[in-house]
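> Listed here are the chains, written in short residue letters.
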Amino acid sequence: MKFTLSWLKQHLETDAGVEEIATRLTMLGLEIESVIDRAKGLEDFVVGHVVEARPHPNADRLRLCTVDFGSGVTDVVCGAPNARTGMKGVFAAAGHYIPGIDVTLKKATIRGVESNGMLLSEREMGLSDEHTGIVELPGDAAIGERAVDVMGLSDPVFDVAVTPNRGDCLGVRGIARDLASSGLGRLKPLDAQPVPGGFESPIQVYLDFPPDKADACPYFVGRYIRGVKNVESPRWLQNLLLAVGLRPISALVDITNYLTIGLCRPLHVFDADKVHGHIRPRLARQGETLAALNGKVYELDEEMTAIADDEGPEGLGGVMGGERSGCIEETVNVFLESALFDPIRTAATGRKLDLQSDARFRFERGIDPTFLVDGAEIATRLILDICGGEASSLVIAGGEPEWRRTVPFRPERVATLGGVDIPGSEIERILDALGFEFQKEDKLLKVTAPPWRSDVVGEACLVEEVLRVHGYEDIPTVPLVSRTPLPQKALSPIQSRRVSARRALAARGLVETVTFSFMSSGPAALFAEGVESVPLINPISSDLDAMRPSILPNLLQAAGRNADRGQPDAALFEIGPQFAGVRPEDQTIAAAGIRLGRTGPRDWAQPPRTVDVFDAKADALAALAAAGASVDRLQVVAEAPSWYHPGRAGSVKQGPQNVLAWFGEVHPSILNRLEIKGPVVAFEVLLDRLPLPKRRKTAAKPHLRLSPFQPVARDFAFLLDEGVPAADVLNAARAADTGLIAEVSVFDVFSGGSLPGGKKSLAINVVLQPRNKTLTDAEIDAIAVRIVDRVAKKTGGELRT
Amino acid sequence: MDHVDALRSELLSAVTEAGDLAGLEGVRVAALGRKGRVTQLMKGLGTMSPEERKQAGAALNALKSEVASAIELRKAELSQADIDARLMAERVDVSLPARPEREGFIHPISQTIDEVVAIFGEMGFTVAEGPDIEDDWHNFTALNMPLEHPARQEHDTFYLPSAAEGERMVLRTHTSPVQIRTMQAEKPPIRIIVPGRAYRCDSDATHSPMFHQVEGLLVDRATHMGHLKGCLIEFCRTYFGVDDLPVRFRPSYFPFTEPSAEVDIGATREGGEFRIGHGDEWLEILGSGMVNPAVLENCGIDSTVYQGFAFGMGLERIAMLKYGIPDIRTFFESDLRWLRHFGFVPLDIPSLVTGTG
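For the protein sequence lines, the chains are A and B, in the order given.
All the letters of the first sequence, read from the start, carry residue numbers 58 to 858 under the working numbering.
All the letters of the second sequence, read from the start, carry residue numbers -15 to 341 under the working numbering.
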């Protein structure tokens, strides 16, 4: 909402300066976006009278103008086509800075003729891009006067962010009222003297709504004005409109805009000669169309309010008028509309048609239902003053709807909810200044909000009114203390295990990233195995048109972008949501990560190697461990979703059903589709599938039993079929004597060479930890035999000798 | 006994002159070995008279022990020189870089969430969460934003297909629906914060279609605007690490709070960059207010008994201000150079008591 200082002063008597007004508005809840001083840098330019414009002796397209600028007369070379004898323009003398072209003007000789200044275009003044000619000032402008004053630029513009509840402040008067209530000046009375009607309007208004939808347009005030002349608006009106960004069109249109912004009273003026019969506000009919004032044609439906005449819609109630019956320069007889429209229906109409307007913006926030007649009278007076003509008596259809609401208000709530003690008299003063009426009943105030404040519906609203006018800065600060002497844990176990997994993965050298929850639906489908794809109905772009079924594709694409920037060996992870549907239970939190290319940079001491599936396995197990899983009790099997390499990927399971994680090389065809150079290994840990940690009775760790006897280590190498998993061998060996065997590890695997085809050699190291006595050689040999037998039985492996 | 003295000085100088351990060993064998000269002399003692033997034996013993200790001393010297020489030969170029280790980082948003949780955690708030895909009722209607409410137009909402039951689904436009879910599930007193993702159909240097907010909600019987100010001033000063940071509350409007306040912090602008603290600029950082009674009632909480406050702030915004990050879109570009520059080392775990973060 923009307005100027002089516009504000039409309603507010105040000596306050621009800064003070701006600060006060912000502290009243009318946040100042900016205060624009349009005169800044233009103060030195003056009204110049072109005494004579004659052709330049040496250039066809240039003119030589003799300019009287009040304190002197000088010659200026000018290229503008509209530079002509007798006109008045904006003169800049040599030595002045021209903001629009960033040049300090110097005396110059142009094609052999001296030029001592410049006549400026709007672009040169920095006002607009207009550069087809120089600015033409009115003929009555005083020579030598500051151009900014003549052009209305010395009137500072306020730009206020009006919150959706304050429809009343979409009029300058509403803003003035708020300022006055806070003590910054006095609200001037509004002159809405009725204009006597000279005749009966030939156009009548018939509200034509079904009874249950009468609220669509309950009240309509009209007036016929005949014999007007739709001239250009006077300068003061044009300047006000220009200042707030509206283009002056004609007096009739400008007056409606002036009331919309000044008094928050949107109006419409029909060319009465183009109205067929009478005005019949009604719901539109399916199939009806309206060619609106913005030059577009809209299809209407039965939920929209049409301002129709006997033949069809001439306007969309509360949103926009129609082009056919709009006023043009030749318009002579007009019909003025000052009506009330239902906020919700207006909003729905505008939203459905994607049609914004100053009228809609105000009607959907609620308009003063008591100001229709006054608004019509004020507009009539302006029309008669500027355009002449003769006004009919008012045409009134419907009537003021019931708007009064009584809100019981306990003034002590200002202290108990608002936190500040304000004397009752001050509370009452503030309410009164804002236009609230009240009756005292004991300690209770029965408050009636003014008709322009439909947003005030309860006691809390009244507390806010009192507080904001009194000043939020006066609310004493009270420390917020914890309810318990020491704070409880802020995170639940599920939340804190995510934090642990995040820190653990970063500690392993992975860089955390955060990517969008949405992605391109094409790649999304590649990662949605047996999962419903979730498209966005209105994506911001086509490559962000589906919810991600997995975090991986976003990470892969991020790695691809990094490779393009010369960072090929990315190691990235993200912990975040993935989506299998739109219901809350379809959203799960996963930790996913990828490693690309090599394990590190080339190095003199430690040559890097290509990343492989075991890097991803280590990441997955580390994340699981950090999240509290007992990793040594989980099983790893060679099964994984389709986006992994079928031979180089696995799942981590807890029990036969519950898959906690996947890891492996990413399938080469996926990399192809995403145009990423591999190899890439990846993991996904489905954190939500981890069982909740059991609440333990004590934080104490199990008893530590240290053995005084030396551990004994023995190596075994087995010849196995190539398909036998190492884990089977390890498990078999471990099971040979669970009491004595402390550790089993693989230290060598190979195939080929001297081995028969289809066979591999797997070498393990077994550590025996005696507990009660040192083992004899015979005892050690006996265990070795058991290990060999057990492995042979479970895996078919035989000891290599 | 002159020959003993002569032998002594001869042997001692031979010890001193031995240039390496092998030479010294030669000296030792020649003097004290089985056929060494001192040994030979001692063997000659047997032919002497008891009187002579006593005298000569003492002298020879003294000679033997004197030569032996001289050899030991020289041996230590030579060994040390040997070790020194070997170590010098083992010299490496210590200016060579150490073996590289991959460094991981925590994303600034995760770090900011942990910081915010650390601060509000001290004030007794616990972390609540809810789904990113919300129904219209939780995201709007229950928060006092019925259909066609003008405030809805300020939320550039992403829409999703209906769930099976047919209600329109949206990507939550703020974390506020978790207020509703919490109040439906729990009885007052309530003290929660909700860090999480939010979505709006908008993108420029200060808007991203996905961003993060932290919501706060406190409901009890007596908390008022003064407590809201106390809580948020304390947060701002602690988070930004400026003890006397100016914090300004000014009236505003949110459908789900009444009265409502926006909160600004003081700043100076230096060469286009903000510095948080005293200055002539105010930077808006969060919205807040007392929970609208209509919202309490929508959740089945008696608004004549309970009241409280709520707030919401953009996590990217406060991270940008604190850490000098100029463009919100860069948070989600996964540029490794950016992540390494603005990221945090994994052991930098925010905590008020240990003083990190």
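Honestly, the hints are just simulated from the structure, not real lab data.
Among the hints, a few may not be true.
As the list claims (entries may be wrong) - Straight-line distance between alpha carbons at most 20 angstroms, and here's what the computed SDA-like set of lysine to any residue pairs gives:
#1 A:409 x B:136
#2 A:751 x B:140
#3 A:409 x B:339
#4 A:546 x B:143
To be verified - Derived contacts from chain A toward chain B, CB cut-off under 8 angstroms, selection only:
#5 161
#6 162
#7 163
#8 164
#9 221
#10 536
#11 557
#12 564
#13 571
#14 617
#15 618
#16 627
#17 628
#18 849
#19 852
Positions of the beta carbon are idealized from the N, C-alpha and C atoms, including for glycine.
> Which numbered conditions among the earlier hints are violated in the structure presented, ordered from lowest to highest?
2, 3, 4, 5, 6, 7, 8, 11, 14, 18 and 19
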